[in-house]
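So you can see what is in the structure, the chains are spelled out below.
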Amino acid sequence: MDGMDQADEGKVLREGESRREFLQKGVLAGGAIIGGYLLLGSSLHGLGSPDGASGTPSRKRRWTMLIDLRRCDGCGKCTDACRLEHNVPDGQEWMKVYTRTDNDGEFFLPRPCMHCENAPCIKVCPVNATFRNEDGLVVIDEQRCIGCRYCMAACPYDARYFNWSEPVEGDEILSPTHERGHEDHLRGVVEKCMFCAHRTAEGRLPACVAGCPMKAIYFGDANEDFLSNGPEKIRLSTVLATQEAFRWKEELGTEPRVYYLPARR
Amino acid sequence: MGKIVVTALEKRLMLPLVRSGRGFWIFAAALVAIIGWGAYAYSVQLREGLVVTGMRDRIFWGLYVSTFVFFIGISHAGTLVSAILRVTHAEWRKPITRLAEAITAFALVVGATMVIIDLGRPDRLQNVLLYGRIESPILWDFISISFYLAGSLLYLYLPLIPDLGTLRDKMPRRARIRRWLYSRLAARWRDTPEQRAHLGRAIAVMAVLIIPVAVSVHTVVSWIFGMTLRVGWQSTIFGPYFVVGAIFSGIATIIIVMAAVRRLFHLEKQILPVHFRNLGLMLLALDIALMYFTLSEYLTASYMGTSRDAFWLSLLASGPYAPMFWGMVFGGFLAPALILSITRARMVRWTVIAAVLANVGMWFERYLIIVPSMAAPQMPTEVATYWPTWVEWSILAAAVAGFTLLLVIFSKLFPVVSIWEVQEHVSALPKTVPATQEAIG
Chain L
1 MDGMDQADEG KVLREGESRR EFLQKGVLAG GAIIGGYLLL GSSLHGLGSP DGASGTPSRK
61 RRWTMLIDLR RCDGCGKCTD ACRLEHNVPD GQEWMKVYTR TDNDGEFFLP RPCMHCENAP
121 CIKVCPVNAT FRNEDGLVVI DEQRCIGCRY CMAACPYDAR YFNWSEPVEG DEILSPTHER
181 GHEDHLRGVV EKCMFCAHRT AEGRLPACVA GCPMKAIYFG DANEDFLSNG PEKIRLSTVL
241 ATQEAFRWKE ELGTEPRVYY LPARR
Chain E
1001 MGKIVVTALE KRLMLPLVRS GRGFWIFAAA LVAIIGWGAY AYSVQLREGL VVTGMRDRIF
1061 WGLYVSTFVF FIGISHAGTL VSAILRVTHA EWRKPITRLA EAITAFALVV GATMVIIDLG
1121 RPDRLQNVLL YGRIESPILW DFISISFYLA GSLLYLYLPL IPDLGTLRDK MPRRARIRRW
1181 LYSRLAARWR DTPEQRAHLG RAIAVMAVLI IPVAVSVHTV VSWIFGMTLR VGWQSTIFGP
1241 YFVVGAIFSG IATIIIVMAA VRRLFHLEKQ ILPVHFRNLG LMLLALDIAL MYFTLSEYLT
1301 ASYMGTSRDA FWLSLLASGP YAPMFWGMVF GGFLAPALIL SITRARMVRW TVIAAVLANV
1361 GMWFERYLII VPSMAAPQMP TEVATYWPTW VEWSILAAAV AGFTLLLVIF SKLFPVVSIW
1421 EVQEHVSALP KTVPATQEAI G
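Those sequence lines, one after another, are chains L and E.
Per my numbering, residue 1 is the first one in the first sequence, and the count goes up by one each step.
Per my numbering, residue 1001 is the first one in the second sequence, and the count goes up by one each step.
So here's chain L without its partners, still in its complex pose (with noise of 0.2 angstroms):
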């Protein structure tokens, strides 16, 4: 074969010559699409939008969540609140709250998502479904998810859920006064916590934070330095300068916008 590619050079070839010539132009067109395609998708999504998958932190808000965990009785009742708050799907916890035991017994872990600030979700998301809102929140569009599930892959804290089956109605029904985070859900996406962004929007805490009934979650704006549970109000600097405060992973680097204060001091 290479000999007679030799013996071939220069001769005129008519046939193979437009044929050669009609794919050279299909490569060239065909190079230019996925070119301009690459161009256009990195400009339009991701790449070069400053607030992408790494946070920065000149955001309108930085909403902040910090956890008493000396409070933490593990009665549940935030996770209660939620569910009523955002219409939870059935066997989804979007606030869960896990148990751990040491040395001087149980002890007990809210887990909210972390709305980190290097999320790791919004890093692997495909199509951009996940993604962070002007409120620095970690956010989904349901309509948008293809439910590949990658995000749920990509959480280190289990905090997303599918939607497995078609999500059967609530019938619980609030004041007439009051929206609700989620009413409907959709089959075959992806869902979780939201930082409750319809009642901050109204100054309202989370539902957890006023479901609590032992006070043990602070909620507030990171910029403003300013936390409550209802009730109290916290400085976040004080808070993180004098108390032994934690972030619950520290060391994967996703910079979770949850705090904990330990269960025993």
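Hints listed in this document are in silico derivations from the structure and should not be mistaken for laboratory results.
SDA-like, lysine to any residue: derived pairs with alpha carbons at most 25 angstroms apart:
id: 1; chain 1: E; residue 1: Lys1170; chain 2: E; residue 2: Val1408
id: 2; chain 1: L; residue 1: Lys249; chain 2: E; residue 2: Glu1135
id: 3; chain 1: L; residue 1: Lys249; chain 2: L; residue 2: Leu261
id: 4; chain 1: L; residue 1: Lys77; chain 2: L; residue 2: Ser228
id: 5; chain 1: E; residue 1: Lys1412; chain 2: E; residue 2: Gly1036
id: 6; chain 1: L; residue 1: Lys249; chain 2: E; residue 2: Gly1226
id: 7; chain 1: L; residue 1: Lys77; chain 2: E; residue 2: Met1379
id: 8; chain 1: E; residue 1: Lys1412; chain 2: E; residue 2: Leu1149
id: 9; chain 1: L; residue 1: Lys249; chain 2: E; residue 2: Met1379
id: 10; chain 1: L; residue 1: Lys249; chain 2: E; residue 2: Gly1305
id: 11; chain 1: L; residue 1: Lys249; chain 2: E; residue 2: Ala1384
id: 12; chain 1: L; residue 1: Lys249; chain 2: E; residue 2: Ala1301
id: 13; chain 1: L; residue 1: Lys77; chain 2: E; residue 2: Arg1058
id: 14; chain 1: L; residue 1: Lys249; chain 2: L; residue 2: Pro156
id: 15; chain 1: E; residue 1: Lys1412; chain 2: E; residue 2: Leu1267
id: 16; chain 1: L; residue 1: Lys249; chain 2: E; residue 2: Phe1311
id: 17; chain 1: L; residue 1: Lys215; chain 2: L; residue 2: Asp104
id: 18; chain 1: L; residue 1: Lys233; chain 2: L; residue 2: Phe108
id: 19; chain 1: L; residue 1: Lys77; chain 2: L; residue 2: Trp248
id: 20; chain 1: L; residue 1: Lys249; chain 2: E; residue 2: Leu1229
id: 21; chain 1: L; residue 1: Lys249; chain 2: E; residue 2: Ser1314
id: 22; chain 1: L; residue 1: Lys77; chain 2: E; residue 2: Gln1378
id: 23; chain 1: L; residue 1: Lys249; chain 2: E; residue 2: Met1304
id: 24; chain 1: L; residue 1: Lys249; chain 2: E; residue 2: Ser1302
id: 25; chain 1: L; residue 1: Lys249; chain 2: E; residue 2: Thr1300
The following residues of chain L were derived to be distant from chain E, with all beta-carbon distances above 12 angstroms:
id: 26; residue: Arg71
id: 27; residue: Asp73
id: 28; residue: Lys77
id: 29; residue: Asn87
id: 30; residue: Gly203
id: 31; residue: Ala210
id: 32; residue: Gly230
id: 33; residue: Ile234
id: 34; residue: Val239
id: 35; residue: Arg247
id: 36; residue: Leu261
id: 37; residue: Arg265
Each residue gets a CB set at the ideal place from its N, CA and C atoms; glycine is no exception.
Position chain E relative to chain L; hints supplied.
For chain E alone, coordinates are given in the frame of chain L:
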């Protein structure tokens, strides 16, 4: 044109295209029935949602994703045999290149379908094109697999052209639709030296281009897992580990398909024991490489034994996945290596047995990479369990049947052994046996 002369080789290779026994129709009907059953299972899944699978929030990827990785792995068959052996001028490859290329293209089609079946919202697949984020490894996969599929189809088609010309000229007159199809596909092939030169160059270029694309494909498939923070997934060797496993299962698949075709189409004179011997040796080499990677992967995880690594390994070594894990190690990796190491066992039958063991082992391997990592808890909670449902098993069976059916249809439309390349090969040998010439049609 004058009298049409059909050589014995052409007759042997064209006969399966025009003659099908009862056994063929029974086999094809069985495959269609299995696919039909799988389609029914999928319709149930579309109606009820993914709740009909065994997957839940903790173990959210299962049989579908394992099978996706497995079939994408098999697709490395064509690249290895037809591209790498072509580039290295291994002449013995010629009778088996076409099978390898067909396996590649069809395995890609089936593999890509498995991902779509796994989606919660397959109706929104177009969002990948509309809103695709290049930062997501899934998009890397999408681009890489698309390129590989396009390249593989082209690479399957190019070496077919001279044979299509032969078929156009020599198929029986009564096969009118066939002749029309072949004449369209043959693209005015007249077997001139110029055409041969151009075709040779095009094939040579494709052979080189397809290799990096193939390597990229299973590398980015591995990175879907490798880019996460999960135990057992976050590993730097995943790229090459997956590629080696892919070529391993690709070779095993060629051996199995080759044996079936040889028996069914009576190609004992075209597909020779030397092909099984050589591919068997390559399977052995890849098997050893794979065992090396497996050892590296699990030894580095276990030696210091961080608590999460230790727990995950205990699931594999002594937990619920132990039978599958040790079955993979001994049955899928070590047993084929032993069989293929014994010189006397390098016969067709034992090579095929080794290949079947290797492929079952590789499917286990894909499953074991995906499921136990999710079963191991990453939050303070219990081990998650997963058992596939009848829907998943049905769709897995349909995937295997679909892959087989595509090969069967291909083998009824095109010669499974490249006529012109084998003729070239035979005429290049120092001593040629005069071919008996007979006319058919």
